[in-house]
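Participant: These protein sequences, in sequence, are chains A, B and C. Taking my numbering, the leading residue of the first sequence gets 1322, the next gets one more, and so forth. Taking my numbering, the leading residue of the second sequence gets 386, the next gets one more, and so forth. Taking my numbering, the leading residue of the third sequence gets 77, the next gets one more, and so forth.
Mixed in with the good hints, there may be bad ones.
Said to hold, decoys possible - For the chain A half of the interface with chain C, some residues (derived, Cβ under 10 angstroms), not all of them:
{"id": "1", "residue": "H1402"}
{"id": "2", "residue": "S1405"}
{"id": "3", "residue": "G1406"}
{"id": "4", "residue": "E1495"}
Note that these hints are calculated values from the structure, not bench results. Backbone N, C-alpha and C fix where the C-beta goes; we use that ideal spot for every residue, glycine too.
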Amino acid sequence: AQPSAPVAIAQAPTFRMRIQTSMPSAATQFEGMQKFAERLQKMSAGRVKVDVLPIGAVVGLSEILEAVDKGVVEAGFAWTHVWSGKHPAAGLFGSPPAGAGTGMDQTTHLSWLISGEGANLLRELYRDGLKTSVVPFPIMAVGPEALGWFKRPIQSLDDFRKLRFRTPPGLPGEIYLEAGITAVSLPGPEILPAAQRGVIDAAEWGFPSDDLAFGFHRVWKNYYLQGLHQVTVVADLIVNGDFWKRLPPDVQAMIDTAAMAANLEHYALLIHRNGIALKELVEKHGVVLQETPREYFTQFPKATKKVLDKYAARDAFFKKVLESQRQFAQLAMPYRINAHKVDLFLAESALKDR
Amino acid sequence: MAVSPETLGLALLGSLFAGIFVGFPIAFTLIFLALAFGWIGFGLQVFPLMVFQFFGVMQEGVLAAVPLFIFMGVLLEQAGLMDRLFRAFQLMLAPVRGSLYLAVMFTATIFAAATGIVGASVTLLGLMASPSMKRSGYDVRLSAGVITAGGTLGILIPPSVMLVVMGPVVGVSVVDLFAAAIIPGLVLAGLFTTYAMVRSFLDPRLGPPLPRAERAGSVAKVIREFVVGLVPPAVLVLASLGSILSGLATPTEGAAMGAFGALLLTLAYRRLTWNRLVSAVLQTTEVSTLVLFLAAASNFFGAVFSRLGTPIMITETIVGLQLPPMAVLLTIMALIFVLAWPLEWVPIVLIVIPILLPVVRELGVNLVWFCTLVAVNLQTAWLSPPVALSAYFLKGVVPDWDLKDIYLGMMEFMVLQVLGLALVLAFPALALWLPSVLLE
Amino acid sequence: MEGPPKAPARAFRVLDGISVWTARFSSWLILPLMLALVYEVVSRKFFYRPTIWASDVSYMLYGTLFMLGAAYTLHRGAHVRTDFFYRLWSPRIQGMVDALLYLLLFFPGIALFLWSGWGFAWDSWVQGERAITSSWRAPIYLLKMVIPIAAGLLLLQGISEFLKSLYAAVRGRWP
Ligand code: NA
Ligand code: NA
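Using the sequences and the hints, build the whole thing.
Facilitator: The following block contains the structure:
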């Protein structure tokens, strides 16, 4: 007798997908990945069983790509720029500083990755640049990240230059050095103790929701939201190539779709969470929201351009990606900026009148 | 018959216990077992996993403090600079039984406030104290217990690598955790000291007072010896703890400052010769390697165990029991205690805690208190044989102490830690009072 | 009293020598490790000029130090073992157990480590991989290359220990 449809589904092969993430389990992005996992399990009627693993569960941050490529885990979650030590162009995908010096904001960055040339270039990066067979999906946009927390307010870049500032690693650190900012590299766990004892005078981490959990407000009260070093950030889901090939086309489509949904879902979640966190920081913990000196917005992109052009001169693929982003920004940003002004105009009146 | 990977993980644990007792170097036993079971459980991918785990330990900059603190300890020991303090301390308390235990716990507590890791504390204390203890005819078990237990305080009393890792996992501020751990850390130090002192008071053979002939003639002389003996450790505490607390240095840099201070001290006391320096760097390599290579091997073992899914299985079983809140909390503590037997704190904090976290949130208990309980509980992982790194670190620097005696000595102190855990469980204020005073 | 047979004795003396001489060089890394961090502290605190290299240099030196020391530590018999049964046995039994375990347990494990570590390091070497922990972009492929070198040294020292165990198993005393 012919098996009935439900039996066929029940007998369909199941796939175990362990995702080694780059986040501790209390982080917002970890929660985002758990939602992705739930959605994928539901969509596939349980044919895909997903385990979302906190950082270090199987491997640490810097080994995620190789662990996925070699099949130690079936999938991984990390920001593309973590691989910029293997190929500098990776720094342009995960978090192009100052929008690659082109002014791309978070939404435009996503637009480039999803609708522009970004998707193809991302695959090219993983295949030819990083020499892996992983299949990448942009899965989570978390920008803009804050400039950071400061011991005392700054009026100018010269004030900034007098502080020992913990910068994120990679390209941003290089750019701050270029701009004459005293950049200190410290691993995540050492930042807060170092801040408390005055080893450093300022530090960047993430956005309000993560910064609140991190506890910066206990040490410093001056919070600067407008920063350019990670003004736009997109993390990738990377899937082991052989595992991907074994998946039937419908399951492949489900992963693709769930990743696309995660982009939107997390974008929405973060605006909500950051709103709550910022309110708590200001109202409950007496944090003072400061405005970044205007000078920063001319000097940082200038330094960015210098550093990025230096890399572009050395590497053809880097140049190709940078050109693509610059062209895309030139095309899309005039529309984006002019349309976006409505938010500011509205905010000026609406928030004031309340 | 197909065996589930999780069950395979249980077999891995069993083999570990058996394998360790055969007597082959533990690091290589761990590597082999993890490779074999990983290969059976999930295939060839276990080979790159081993390399990833080793490399992970190699680039863990915080651990650079280990060889630096060991270098500091070796220099001090070779130059005999700490001996004077120990001798003076014992002279001062000469008639008091067990004065060296007091000296060790005193140093251990100060040292705990300078380092965030266990390996360095245990090895340094072992290097410093064991010669005096042997000379004075101290009981091996109690001595080993005091040194290993005192050494593990380094990971509870801030700065602490364990709390730094735990904060983001649970989503509480590391600063809160640091403040919360101070009093429980001191309570444990107090328990350890009291125990050692009471035992040696009841049985003088455990920590004999100095023979009368060897006691100092005049009080003035003893005080002078003490003050002079106090100079080297004071310089070092200033160099390492001082530079950390004053905001000069991170804990790793503090270790470098301490080592540098020790080097300058041996120069100042004219105890530095070329041959001594050569043997000091070689000994530093040997001791650092036994600590760190073993740490890398046990990280790899833990990663295979996690990749097999066994910790998740054990935890989900407990969660499935559906008990009342306090019973749940006690069960969780018991589970962590049991898991800390074969595992180190790293896999427990990273894998087990996140699974339990939803349950703990349901209970509505204060998460800082919960973390402190976990931290005090995990202290036992260092003192629970057979995977008790402290024992191996001590054995590494005091090879003529029997590992069996070290095990037995440290297990007495493990019981004290359970007592400390019960105290924090019964009186949450022990953990929560200081953060509320310091930080609000 | 007869000494160890000439050929094996020469073999394990040469192999031990390799480990000892490696350690005699690599052990000095503790000094630059210490000095780099002290320099960083002084430069940052008193001149407001943190280095971009000190933290990278410190973990690269520390990682190299303990990995290259592994063979030497094996030679010194310092890798910790649970010896409460082991030390009760006669040298003959000890030798037999050790020889067997070196064959079954040590060589497969470390050989796989060498093989796998070589692939890991070679990929990084070809890529010219840099660390992203600081803007210095430290040459991380050098640190990765330490893994196969350390595994190779361990393997050589393992052969020496294996020969010594055989000697004890046959002659009833350790060389
Ligand atoms: Na500590
Ligand atoms: Na243990």
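Participant: With reference to the structure, classify each hint as holding or not holding.
Facilitator: Against the structure, the hints:
1. H1402: Because about 8 angstroms separates H1402 (chain A) from the closest Cβ in chain C, which is inside the 10 angstroms limit, the hint holds.
2. S1405: holds (6 angstroms)
3. G1406: holds (4 angstroms)
4. E1495: Where the cut-off is 10 angstroms and the nearest Cβ of chain C is about 4 angstroms from E1495 (chain A), the hint holds.
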